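Student: Based on the hints, put chain U in the right spot on chain B.
If you're matching them up, the sequences are chains B and U in order. With the numbering used here as the guide, the letters of the first sequence map in order to residues -8 to 91. With the numbering used here as the guide, the letters of the second sequence map in order to residues 15 to 508.
Each hint should be verified, as a subset may be incorrect.
[As the list claims (entries may be wrong)] Pairwise CB distance ranges (calculated):
#, chain 1, residue 1, chain 2, residue 2, range
1, B, R9, U, A250, 38 to 44 Å
2, U, E291, B, L58, 50 to 56 Å
3, B, R9, U, A270, 58 to 64 Å
4, U, N17, B, E17, 56 to 62 Å
5, B, R9, U, G272, 57 to 63 Å
6, U, G429, B, R19, 18 to 24 Å
[Claimed, not checked] Far from chain U by the CB rule (all over 10 Å, computed), these chain B residues:
#, residue
7, T1
8, A2
9, D26
10, E46
11, V68
[Stated by the list, open to error] With a straight-line Cα cutoff of 30 Å, these simulated DSSO-like cross-link-like pairs (lysine-lysine) come out:
#, chain 1, residue 1, chain 2, residue 2
12, B, K60, B, K88
13, U, K32, U, K75
14, U, K110, B, K71
15, U, K295, U, K320
16, U, K253, U, K320
17, U, K274, U, K75
18, U, K277, B, K71
19, U, K305, U, K320
20, B, K71, B, K60
21, U, K305, U, K277
22, U, K253, U, K110
23, U, K75, U, K245
24, U, K274, U, K253
25, B, K88, U, K32
26, U, K75, B, K60
27, B, K60, U, K245
28, B, K20, U, K110
29, U, K110, B, K6
FYI, nobody ran anything at the bench for these hints, they're computed from the structure. On a predicted model such as this, the values are computed, not experimentally measured, just so you know. Glycine is no exception: its CB is placed at the ideal position from the N, C-alpha and C atoms.
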Amino acid sequence: MSADKAIVDTATVEKIARLARIRLAEERKEPIAQDLNRILSWIEELNEVDTDGVEPLASVTGHSLPLRKDEITDGDVQGKVLANAPEEASGFFVVPKVVE
Amino acid sequence: MSNLLDLTALQARQGLEKGDFTSVELTNAYLAAAQETKGLNNYVAMTEARALEMAAASDAKYAAGNAGALEGLPIGVKDLFATNGVPTTACSAILKNFVPQYESTVTSNLWADGGVMLGKLNCDEFAMGSANETSVFGPAVNPYSAVGGADLAAGGSSGGSASSVAARSSIMATGTDTGGSIRQPAAFCGIVGMKPTYGRCSRWGVVAFASSLDQAGPFTRDVDDSALMFKSMASADPKDSTSAHQPLPDIDGAMAAGVKGMKIGIPSEYQMDGMDETIIKLWQDGQAWLKDAGAELVEISLPHTKYALPVYYIIAPAEASSNLARYDGVRYGNRIEEGGSLDDMYEITRAAGFGDEVQRRILIGTYALSAGYYDAYYLKAQKVRRLIRNDFDEAFKQVDAILTPATPSAAFPLGVKQADPVTMYLNDVFTVPANLAGIPGMSVPAGVNGDGLPLGLQILSGAFAEDKMYAVAKQIEQSAGFSEVPSRMAGGAS
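Extracted from the complex, chain B is given alone in its bound form:
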């Protein structure tokens, strides 16, 4: 498995910024592309390492995720849940209109 020799251009930056929901000013796209290319070319070092047959390590805990009983242990704190809402109405979070 060899990584695609990724060259990040401003079109790619636009695409990932869109995925990340971060709006970038036009003049920041090129410097960010350069930063990402520098970081990615450094990361290419990993391709030297033979990882055939190596199991990916996602968690170091060594234990499986514990299960708890499916019962209510908390709740009835609507005021607390909404306390930091930028905008709320009648006990709901308010967002810009999504359906015409």
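Tutor: Here is chain U on its own, set in the frame of chain B:
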């Protein structure tokens, strides 16, 4: 009564127990110290009223004879821990007005043991940085200054915590360590910083950066205080599914028993080109101290060490891009609306709320996780992560602990713009492997460089074997006899 600020936490605990002074007196001394050292910018918020209320309650506990392990000790809290009713910002504009309605497990443990909250401490934005320079409040400053007086970095991300403990504006402080964010600033500021085994301290209520790496730990003035604070912070927590349920080892017993007969690994791969001469010398001194105390030195190999940083700079941003998706301007945090759609609101809110480094890491992480690149970057990094962990597993079959330098250099000046982000990332070269492997690591001040700036040695041990790490740390502390104090310290260095 000697200067209260000179006392370590254990000494202060004894003084409180004996009635030499009250927690209110001690707390007032620290509140005044925080004022005196305000120029270091290590606190982002003080909680004086709460501190004095908690201190008075502690004094009552002493009077009633039921004082806790940290009763009446004034503690600083990194602004990454949710504190009920006290703003918690992660030093980011996007959370500037966020007031948690709950308390993190770690701080709950501290308060249950009698700790007194002084305030919230500066850090890099969302803990992303190695110099505390990405904080929306500006950098915390190292209480040690460069020759000529220039301001030095306190390190990062927990720069405020390290600066505060070193400058004596808190007797101890919490930190978090994702790639070295406790150990590096501790080394830069000449104090003790410890990252426990992954899972020892609950992540519940700690603002998440990279969840498979994040771990809270203590900043203290010496090794005994570190053990004291760690025992209070650690707990098995049903609210954190990755919380460990292993009992703590006998740390005090191990420190008393010493290092005689222990095997200490010296990894050849940590000999880096271009490393400060004084750091190489200090590392050799550390080896000699342990040998003199009866430990056996064993040369070991951790062959995948050089890949730890590239692995980290895929995994940490990938996890960050996912964790930080929650800051959408809907449920909490700042929102910016300029008409437009819901997506417009998200994009504008996040562009304005996150600083440049946070945006950069979110974008890198988004890229590494995106269709077509997931296998080449993220999966590849996770596979190499396993090899790094395997290196340590092999090493700990031969040795009880590992000794390395904590950082490749002493504290560097603030405000030196890094043209290349990779250069800044190299700071974490000695500390990142422990996070990837989930093992504990500790930085102990052990000497100074030619400019009189503190340098730390790092001790690593196997997972859940913090006792062995503390035994070695205690010996290093005793042999080094580190007694430097910074020039910008409360209570007046003369």
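Student: Take the hints in turn and mark each one as holding or not.
Tutor: Now the hints, each set against the structure:
For R9/B and A250/U, the Cβ-Cβ distance of about 42 Å falls inside the hinted range of 38 to 44 Å, so the restraint holds. Against the hinted window of 50 to 56 Å, the Cβ-Cβ separation of E291/U and L58/B comes to about 54 Å, which satisfies the hint. At roughly 59 Å, the beta carbons of R9/B and A270/U sit within the given window of 58 to 64 Å. As the Cβ distance of N17/U to E17/B is approximately 57 Å, the hint placing it in 56 to 62 Å holds.
At roughly 59 Å, the beta-carbon separation of R9/B and G272/U lies within the given 57 to 63 Å, and the hint holds. Evaluation of the 18 to 24 Å hint for G429/U and R19/B yields a pass: the beta carbon distance comes to about 22 Å. Against chain U, the non-interface label of T1/B holds: every CB pair exceeds 10 Å, the least being about 12 Å. Listed as outside the interface, A2/B is consistent with that label: its C-beta sits roughly 13 Å from the nearest C-beta of chain U, beyond the 10 Å cut-off.
The Cβ of D26/B sits about 6 Å from the closest Cβ of chain U, inside the 10 Å cut-off, so the non-interface label is violated. Distance check for E46/B against chain U: the nearest CB is about 6 Å away, which does not clear 10 Å, and the non-interface claim fails. With a least CB separation of 7 Å from chain U, V68/B falls inside the 10 Å interface cut-off, contrary to its annotation. Taken as a hint, the K60/B and K88/B pair is broken in the structure, with Cα atoms around 38 Å apart against an allowance of 30 Å.
Of the supplied pair hints, the one linking K32/U and K75/U holds, its CA atoms being roughly 13 Å apart against a limit of 30 Å. Restraint check for K110/U and K71/B: satisfied, since their Cα atoms lie roughly 18 Å apart, inside the 30 Å limit. Restraint check: the Cα-Cα separation between K295/U and K320/U comes to about 22 Å, which is no more than 30 Å; the hinted pair holds. Distance check on the hinted pair: K253/U and K320/U sit about 35 Å apart at the alpha-carbon level, beyond 30 Å; violated.
This hinted pair does not check out: K274/U and K75/U have alpha carbons roughly 40 Å apart, beyond 30 Å. Distance restraint check for K277/U and K71/B: the Cα-Cα separation of roughly 52 Å exceeds the 30 Å cut-off, and the hinted pair is therefore not satisfied. With a C-alpha separation of about 28 Å, the suggested pairing of K305/U with K320/U holds against the 30 Å cut-off. Restraint check for K71/B and K60/B: the C-alpha separation of about 25 Å stays at or below 30 Å, so the hint holds.
At roughly 10 Å between alpha-carbon atoms, K305/U and K277/U fall within 30 Å of each other, so this suggested pair holds. Distance hint between K253/U and K110/U is fulfilled; the C-alpha atoms sit about 26 Å from each other, no more than 30 Å. Under the criterion of a C-alpha separation no larger than 30 Å, the hint pairing K75/U with K245/U is consistent with the structure, at around 20 Å. Only pairs whose Cα atoms come within 30 Å are accepted, and K274/U paired with K253/U is rejected, the gap being roughly 40 Å.
The suggested pairing of K88/B with K32/U is violated, with an alpha-carbon distance near 64 Å, which exceeds 30 Å. Distance restraint check for K75/U and K60/B: the Cα-Cα separation of roughly 37 Å exceeds the 30 Å cut-off, and the hinted pair is therefore not satisfied. A C-alpha spacing of about 29 Å is found between K60/B and K245/U, which places the hinted pair at or below 30 Å, so the restraint holds. Only pairs whose Cα atoms come within 30 Å are accepted, and K20/B paired with K110/U is accepted, the gap being roughly 27 Å.
The suggested pairing of K110/U with K6/B holds, with an alpha-carbon distance near 29 Å, which does not exceed 30 Å.
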